[in-house]
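Asker: Sequence:
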Amino acid sequence: MKAWVIAIRGLPFSEQLAARCIHSAAEFGQEVRCFPAVNRYAAPAALTLAGLKLNRRIYASVSDAPVGDRDSIPRGHWWLTTPELGCFMSHFNLWKRCVALDEPILIMEHDAVVLAPFPALPDGAVALELCRMDPAIANTVAYIIAPAAARLSLAEAYRHGVQPVDELLWRTALKQQPITTVASAVVGHESGGVSTIQFSRKDATHRLIADRNPWNTYQKPSRFIE
370 MKAWVIAIRG LPFSEQLAAR CIHSAAEFGQ EVRCFPAVNR YAAPAALTLA GLKLNRRIYA
430 SVSDAPVGDR DSIPRGHWWL TTPELGCFMS HFNLWKRCVA LDEPILIMEH DAVVLAPFPA
490 LPDGAVALEL CRMDPAIANT VAYIIAPAAA RLSLAEAYRH GVQPVDELLW RTALKQQPIT
550 TVASAVVGHE SGGVSTIQFS RKDATHRLIA DRNPWNTYQK PSRFIE
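Sequential numbering from 370 applies to the sequence shown in the working numbering.
Hints are computed from structural coordinates only; laboratory data are not their basis.
Treat each hint with caution, since some may be false.
[Said to hold, decoys possible] When the alpha-carbon atoms are kept at most 30 Å apart in a straight line, the in silico DSS-like pairs for lysine-lysine are as follows:
#: 1; residue 1: K422; residue 2: K544
#: 2; residue 1: K465; residue 2: K422
#: 3; residue 1: K465; residue 2: K371
#: 4; residue 1: K589; residue 2: K371
#: 5; residue 1: K422; residue 2: K589
#: 6; residue 1: K371; residue 2: K544
#: 7; residue 1: K465; residue 2: K589
#: 8; residue 1: K544; residue 2: K465
[Said to hold, decoys possible] Computed Cβ-Cβ distance ranges for the label pairs, DEER-style:
#: 9; residue 1: P590; residue 2: S553; range: 32 to 38 Å
#: 10; residue 1: E400; residue 2: H558; range: 17 to 23 Å
#: 11; residue 1: P443; residue 2: R528; range: 22 to 28 Å
#: 12; residue 1: T586; residue 2: H558; range: 18 to 24 Å
#: 13; residue 1: Y410; residue 2: P443; range: 27 to 33 Å
#: 14; residue 1: R528; residue 2: P590; range: 30 to 36 Å
Quick reminder that beta carbons are idealized off the backbone N, C-alpha and C, glycines included.
Construct the entire structure; sequences and hints are all you get.
Answerer: Structure below.
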């Protein structure tokens, strides 16, 4: 099974975390490749190029404004932040890769840490979540996705528009599909308290993160190497 970790080229914080992820997988004899993320600056153009639109039932625009500022605004008038959009487009591109390969693939975000050998996708399941930070919350830190699930996710994005990747994947596109989770985490989650999305929040939970904006060190790479 092919596995990728999404990393933002030109952002040292992201590149360093992805390198750690690849090294942790190698300790279990697992090969993980680096997949170039769509960064926050390229995200709006990538949305247009892909022929996608926003989910207008929830979002009215794409903005650099902090996500925390929208908490008191009614749904339908929210904005999707550029880091959220970049995250979605990165997963979207890997769903397309899954369909093209016509086989299950493993997708990880840069702050994933491999804790055990990768399992196979269980018979009958279309997706397997490998990281559970909170048993009540589904996330996209690490998961295996089958071509059937990738097609459903792509179709949902084209039909109803883009929203945060975890919302579209688990709560919309695959809501009625057979999804399983591992009994014990195969992949852990450790970003050192900083996220390329969360840094923009202004609420108390993310106050420290706002002071450690990883994008301050971003340098546009001359080229992407996968």
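Asker: Holds or violated: K465 and K589, Cα atoms, limit 30 Å.
Answerer: Between K465 and K589 the Cα gap is close to 25 Å, so the pair holds against 30 Å.
Asker: Would you check the hint for K544 and K465, treating anything up to 30 Å between C-alpha atoms as holding?
Answerer: Cα-Cα ~20 Å, so holds.
Asker: Could you grab the alpha-carbon distance between K371 and K544 and see if it respects the 30 Å cut-off?
Answerer: holds (25 Å)
Asker: That 32 to 38 Å hint for P590 and S553 (C-beta), does it hold up?
Answerer: For P590 and S553 the Cβ distance comes to about 37 Å; the hint holds.
Asker: Regarding the pair K422 and K589, is the alpha-carbon distance no greater than 30 Å?
Answerer: holds (26 Å)
Asker: Holds or violated: K465 and K371, Cα atoms, limit 30 Å.
Answerer: Judged against 30 Å, a Cα distance of about 14 Å means the pair holds.
Asker: Against the 30 Å threshold, does the CA-CA distance of K422 and K544 hold or violate the hint?
Answerer: holds (21 Å)
Asker: With 17 to 23 Å as the target window, see if E400 and H558 comply at their CB atoms.
Answerer: For E400 and H558 the Cβ distance comes to about 21 Å; the hint holds.
Asker: Taking only the CA atoms, is the gap from K465 to K422 under or equal to 30 Å?
Answerer: Given that 30 Å is the threshold and the Cα spacing comes to 17 Å, the pair holds.
Asker: Falls inside 22 to 28 Å, the C-beta gap from P443 to R528?
Answerer: holds (23 Å)
Asker: Decide if the proposed pair is consistent with the structure: K589 and K371, CA atoms, cutoff 30 Å inclusive.
Answerer: Holds, at about 28 Å.
Asker: For the hint 27 to 33 Å, verify it against the beta carbon of Y410 and that of P443.
Answerer: holds (29 Å)
Violation of the numbered hints given earlier is absent; every hint is satisfied by the structure.
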